[in-house]
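There are 2 protein chains.
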Amino acid sequence: MRRLYHMPLSPFCRKVRLVLAEKKIEVELVEERPWEKRMDYLRLNPSGQIPMLRLDGLTLADSSAICEYLDEKYPAPPLLPRNPADRAEARRLAAWFDDKFHHEVTKNLLYERVNKRIAKSGYPDSAAIKAGAKNIKYHIDYIGWLMDQRRWLAGDEMSIADFAAAAQLSALDYINDVDWARSPAMKDWYSKIKSRPAFRTLLADLVPGFPPPAHYADLDF
Amino acid sequence: MRRLYHMPLSPFCRKVRLVLAEKKIEVELVEERPWEKRMDYLRLNPSGQIPMLRLDGLTLADSSAICEYLDEKYPAPPLLPRNPADRAEARRLAAWFDDKFHHEVTKNLLYERVNKRIAKSGYPDSAAIKAGAKNIKYHIDYIGWLMDQRRWLAGDEMSIADFAAAAQLSALDYINDVDWARSPAMKDWYSKIKSRPAFRTLLADLVPGFPPPAHYADLDF
Numbered sequence: 013m014r015r016l017y018h019m020p021l022s023p024f025c026r027k028v029r030l031v032l033a034e035k036k037i038e039v040e041l042v043e044e045r046p047w048e049k050r051m052d053y054l055r056l057n058p059s060g061q062i063p064m065l066r067l068d069g070l071t072l073a074d075s076s077a078i079c080e081y082l083d084e085k086y087p088a089p090p091l092l093p094r095n096p097a098d099r100a101e102a103r104r105l106a107a108w109f110d111d112k113f114h115h116e117v118t119k120n121l122l123y124e125r126v127n128k129r130i131a132k133s134g135y136p137d138s139a140a141i142k143a144g145a146k147n148i149k150y151h152i153d154y155i156g157w158l159m160d161q162r163r164w165l166a167g168d169e170m171s172i173a174d175f176a177a178a179a180q181l182s183a184l185d186y187i188n189d190v191d192w193a194r195s196p197a198m199k200d201w202y203s204k205i206k207s208r209p210a211f212r213t214l215l216a217d218l219v220p221g222f223p224p225p226a227h228y229a230d231l232d233f
Numbered sequence: 013m014r015r016l017y018h019m020p021l022s023p024f025c026r027k028v029r030l031v032l033a034e035k036k037i038e039v040e041l042v043e044e045r046p047w048e049k050r051m052d053y054l055r056l057n058p059s060g061q062i063p064m065l066r067l068d069g070l071t072l073a074d075s076s077a078i079c080e081y082l083d084e085k086y087p088a089p090p091l092l093p094r095n096p097a098d099r100a101e102a103r104r105l106a107a108w109f110d111d112k113f114h115h116e117v118t119k120n121l122l123y124e125r126v127n128k129r130i131a132k133s134g135y136p137d138s139a140a141i142k143a144g145a146k147n148i149k150y151h152i153d154y155i156g157w158l159m160d161q162r163r164w165l166a167g168d169e170m171s172i173a174d175f176a177a178a179a180q181l182s183a184l185d186y187i188n189d190v191d192w193a194r195s196p197a198m199k200d201w202y203s204k205i206k207s208r209p210a211f212r213t214l215l216a217d218l219v220p221g222f223p224p225p226a227h228y229a230d231l232d233f
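Just so you know, the sequences run in chain order A and B.
Here our numbering is used: the first residue of the first sequence is 13, the next is one more, and so on.
Here our numbering is used: the first residue of the second sequence is 13, the next is one more, and so on.
With the rest of the complex left out, here is chain A:
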């Protein structure tokens, strides 16, 4: 049984889906709504968070731990460079998007606009949305600045940093919250990663009640 418990717009699930697809590991996708706190789910994954992956007879949780496992067990193509200094840079940037970008941007935009409505847990907080819309500019500029100097976010090779960033941005792009015109360097990078076969699964997502903008699935956006 190869199964990923996920939600379509969760950036952490999207990161793992991208990595699985890059490594050509097919899994069954099962939707899990963490706020329902299903006992059967909590017994397997006491943190209650998504994603959770069942693979190789194991129950794996925490998206970074899952990606490191996949890279150790299924090394092609690699998610991390060879030498420790370059690996540290890739992991620093993956954490930047998983942690800093997620708290400053994704939570304020995606969780306010979408998750609250799906979970029926209140109305969007307009101050949070305003903060998210302001914060994303600074992150776009940082990506643009990195891409002025590098082929991929963490250096010359594609790495987990690119998947972590693309996972957050693709979820926000689904609700039309990314201003691609702000940084041509970022847009070039995103179109490179968006046209990879691994990205197709994300572009096919449809969340009832939230139709994506026309450009979302368009490779020539």
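Quick caveat, the hints were computed from the structure, so don't treat them as lab data.
Any given hint could be a false lead.
Copies of the same chain are indistinguishable here, so a pair counts whether it falls within one copy or spans any two.
Unchecked claim - Derived PhoX-like pairs: lysine-lysine, alpha-carbon spacing no greater than 25 Å straight-line:
| # | residue 1 | residue 2 |
| --- | --- | --- |
| 1 | LYS36 | LYS149 |
| 2 | LYS204 | LYS128 |
| 3 | LYS149 | LYS85 |
| 4 | LYS49 | LYS119 |
| 5 | LYS142 | LYS85 |
| 6 | LYS128 | LYS112 |
| 7 | LYS49 | LYS149 |
| 8 | LYS132 | LYS36 |
| 9 | LYS142 | LYS119 |
| 10 | LYS35 | LYS49 |
| 11 | LYS112 | LYS204 |
| 12 | LYS204 | LYS132 |
| 13 | LYS49 | LYS146 |
| 14 | LYS199 | LYS49 |
| 15 | LYS146 | LYS36 |
| 16 | LYS85 | LYS199 |
| 17 | LYS142 | LYS49 |
| 18 | LYS36 | LYS204 |
| 19 | LYS36 | LYS128 |
| 20 | LYS199 | LYS149 |
Guided by the hints, dock chain B onto chain A, whose structure is given.
Then chain B, alone, in the frame of chain A:
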């Protein structure tokens, strides 16, 4: 120049200090208050977060990326088990404490009681403190449950999971917010890790205006 930019009670800095000490890497400690947003610091570490480590001619940021780097470059003693499944379990639990415990407990207790006063950014929020005091019970019970079955948090060997957990708990113990009587199994585990030579640096910390309780530095607490 081997230098760690830190704050004494930051759990992420404490995790890195424990790992450095276990691996017998001596560094100069430099206090950095992230809310001051020093330009010289931001130029080196644009996330503005602590810790940041200067070592081997590199500038390393993000506590997990730093620990993985240290383990790859200075492998003795190891922070992670050998096989991928056990490594995933150690990383899952390290993330549990870095992420879940930190958000549910440490932010609500330590940051409300101490950081707000040091940063002069307002008064402690009593609802947050109440939530933190309630949440920590569940985490203590989880640690107790793990320690009923294992020698160390992630299995038979000490790992990054133990340092991540001890870093959060030791910072909370400094402000007397850990009820050690709640779980004898957790207390046994903590006294084992607390008596390691690497822990001494943490036990010597003194934050002006916040004297620790008598038992804080006592190995027989």
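Evaluated hints:
1. LYS36 - LYS149: neither (34 Å within a copy, 42 Å between copies)
2. LYS204 - LYS128: For LYS204 and LYS128, neither the intra-copy (32 Å) nor the inter-copy (43 Å) Cα distance is at most 25 Å.
3. LYS149 - LYS85: neither (37 Å within a copy, 36 Å between copies)
4. LYS49 - LYS119: both (20 Å within a copy, 23 Å between copies)
5. LYS142 - LYS85: Answer is neither; intra-copy 42 Å and inter-copy 43 Å both fail.
6. LYS128 - LYS112: both (21 Å within a copy, 20 Å between copies)
7. LYS49 - LYS149: between (35 Å within a copy, 19 Å between copies)
8. LYS132 - LYS36: neither (36 Å within a copy, 52 Å between copies)
9. LYS142 - LYS119: both (12 Å within a copy, 24 Å between copies)
10. LYS35 - LYS49: neither (31 Å within a copy, 40 Å between copies)
11. LYS112 - LYS204: This pair counts as within: shortest intra-copy Cα distance 24 Å, inter-copy 34 Å.
12. LYS204 - LYS132: neither (36 Å within a copy, 45 Å between copies)
13. LYS49 - LYS146: between (33 Å within a copy, 18 Å between copies)
14. LYS199 - LYS49: Answer is neither: 38 Å inside a copy and 29 Å across each miss the 25 Å cutoff.
15. LYS146 - LYS36: The answer is neither: 37 Å in one copy and 43 Å across copies each exceed 25 Å.
16. LYS85 - LYS199: neither (32 Å within a copy, 35 Å between copies)
17. LYS142 - LYS49: Classified as between; 22 Å across copies, 30 Å inside a copy.
18. LYS36 - LYS204: Classified as within; 19 Å inside a copy, 43 Å across copies.
19. LYS36 - LYS128: Neither. Shortest intra-copy (33 Å) and inter-copy (48 Å) distances fail the 25 Å Cα cut-off.
20. LYS199 - LYS149: For LYS199 and LYS149, only the intra-copy Cα distance (13 Å) is at most 25 Å; the inter-copy one is 46 Å.
The structure fails hints 1, 2, 3, 5, 8, 10, 12, 14, 15, 16, 19 (numbered hints given earlier, in ascending order).
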